[in-house]
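Trainee: Taken in order, these protein sequences are the chains called B and C. Take the first sequence: its letter number 233 is residue 233 in this note's numbering, and every next letter is one higher. Convert by adding 1000 to the 1-based position in the second sequence; the result is the number in this note's numbering.
What follows is a list of derived Cβ distance ranges for each label pair:
| id | chain 1 | residue 1 | chain 2 | residue 2 | range |
| --- | --- | --- | --- | --- | --- |
| 1 | B | A88 | C | L1248 | 50 to 56 Å |
| 2 | C | T1122 | B | R63 | 53 to 59 Å |
| 3 | C | S1291 | B | T373 | 38 to 44 Å |
| 4 | C | A1137 | B | G357 | 41 to 47 Å |
| 5 | B | E60 | C | Q1258 | 46 to 52 Å |
No lab work stands behind these hints, which were simulated from the structure alone. Note that beta-carbon positions come from the ideal geometry of N, C-alpha and C, so glycine has one too.
Here are the chains, one letter per residue:
Protein chains: 2
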Amino acid sequence: MAVGEAFQGQIHPVAGVRLATVASHIRYADRLDLVLVELAESAETVGVFTRNRFCAPPVELARAHLTATTARYFVINTGNANAGTGAAGRQAAETCCAALAELAGVPVAAVLPFSTGVIGETLPVTKVINGINAAFAVFSEDGWAQAARGIMTTDTRPKLVSERLTIGGKSVTLSGFAKGAGMIKPNMATMLSFVFTDARIERSLLQQMLNRVVNRSFNRITVDGDTSTNDSCMLTATGCGELTLSSLDSTEAIAFMQALDRLCRMLAIAIIQDAEGATKFITIDVNSGRSSEECLHVAYAIAESPLVKTAFFASDPNWGRILAAIGRAGIDDLNIEAIAVYLGEHQIVANGARYSGYTEAQGKAVMAQEAITVRVELARGDCNETVWTSDLSHDYVRINAEYRS
Amino acid sequence: MAVGEAFQGQIHPVAGVRLATVASHIRYADRLDLVLVELAESAETVGVFTRNRFCAPPVELARAHLTATTARYFVINTGNANAGTGAAGRQAAETCCAALAELAGVPVAAVLPFSTGVIGETLPVTKVINGINAAFAVFSEDGWAQAARGIMTTDTRPKLVSERLTIGGKSVTLSGFAKGAGMIKPNMATMLSFVFTDARIERSLLQQMLNRVVNRSFNRITVDGDTSTNDSCMLTATGCGELTLSSLDSTEAIAFMQALDRLCRMLAIAIIQDAEGATKFITIDVNSGRSSEECLHVAYAIAESPLVKTAFFASDPNWGRILAAIGRAGIDDLNIEAIAVYLGEHQIVANGARYSGYTEAQGKAVMAQEAITVRVELARGDCNETVWTSDLSHDYVRINAEYRS
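Use the sequences and the hints to build the structure in full.
Mentor: Set out below in structure tokens:
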């Protein structure tokens, strides 16, 4: 049911990364639900995590482990988010990390746990450990497609992107995968996203790079305004390739950041294209605001309005609902007479009212498309922001009414 | 499709108020869509209006007229919100007021216009004026039921409440009606609400009373988080009855305020019971917060979460979604270990995890009911707030996808 095409390019393995995916029967029989990632000793990993105050025990543990040492393994399960599980949930996550650490002969803190699925149920530790044992025997440098499938929950298709390019005469590879289709309004990261490169990049620089790109990708998407308890976005530089980066300002770093930006944006967009029940992919550009913050307020007011989202589902150019959302976005001194709104290439609003040249036929033609851009010109400053979202369909309600029942 | 019973009591006319309702074919044939209200010369009227920056021309005009003089007439139309219509919309609203003023022999500013319906279309002024002419001939002191029906849009039933009581040996009557089923998150007022009493109350005191009650009624409801462009909540004291109030602190005023509070809360609750697609009526109590503001943040995060709302629609006690909503409500120093959550009379969360005594059967039993209370104890202060909301059903999507198409 996803909107648009999935990534069609070649998936390049990343030197220094091996993957293993198995079915460990956590929630469903015979469904890939456990992924292990093994990283080279030279790898540096950084992450950004949910700002939801009810962050899940595996998120707390991953954050603590990342502070303590360098990550060598990820253990990722679906079917159970191990969230809202308190002290017992922390213990369960630790036990799983310890099992993998023992098999691999690394410190427990070198293992980072990630969980996604239903909130509030006890993690079936024995099943996870059995899965870890099985997966540990099947690591492969080519396990990307299976891993991307193995982290899915309500996703209808895997989200896997890859790019190999040459920077300053040196080859560099970036590949990554993500999952997420509902409870999506990442606040520092999306549900689960893993990006890897073979470049050598020291940790504080890598963290700066990640912080910068998430604010142009994962932190700019919303399905339902619901920030997950388990959001984690990880970036690993294995140091096993040719390229070394040591500052943000070098020509090589700028080229690398552009590629990283493309990759993360493709993953973020893939999440929205596969949003629960989505029939439309909607880009909201809010331009000429006084601050990024106010542009984002307006963009999210539109993107999260159930009335705007149902109008998109109905392919109805009901621009009055867009105006109403802009008007309640919290900008107290907004001059509505100055605002312009565009639907696709057509101006629909000028001076706070319907643009004289706009026709309903123009609006209907744009709305009939799968991918739609709304552009708002606030005409009060130089800041611009873009947010991506989906529509609100019968299937969104069906999926979320049926899920867990 | 509304939840629960409509108001069953007697509707008492209010001395000094006459009403007239006709079908003027604004959007649909043969549907009551135009209501006139005539107020006695002694009447004082106050209002609170939408804070949406895109407030509709009739709202701007009603506010301006109210400042200029004392209201003698309301002209209320449905089918067209006259919003997002700019200068032409202001002109249209003025023309309608002028037509009624001329018929009645009062200044134009003594007429307050109210419009509700589709946003962004030109008000058909000639139809409205024909309707005004027809209605002016049929004013009646008993026209309450028709008027409550005449302001409906996607409402499935009229919202009309009334109370006659004796205060300090004097009889006083309060009657009121409201409309609204979607685009409901009033910010100072609800879609359209009109409350009348025969007491004599001077204007500044009347405004204080209204401001106080809306923050315990209309400003505590949400269907979809979408604040309308046309919200208006009016309170009229005709001064034609026995009771006179001159301060907020008198025993009589306290008794009157309690009745006014009951009435406004009944109207606000009637809107939620009839919310678009509603199958559940949900009360969210957030207690022991440090401020009203943080209690409201938590209450609205729960009330507006599409995931929580679909879980309610599915009668699924998916308390993990409630926890996730609390966690993203913006209280940065929230201690999740201290929080308790109750579903109906059953505790479901203690210490940030499932309460040990909670069973799924308890949750399912509460969820099977039409009216459900969620109580959150933040355990960090003395402030409490209550918000009312509805669930998110297939019918919500259907109604809002079909409306205007």
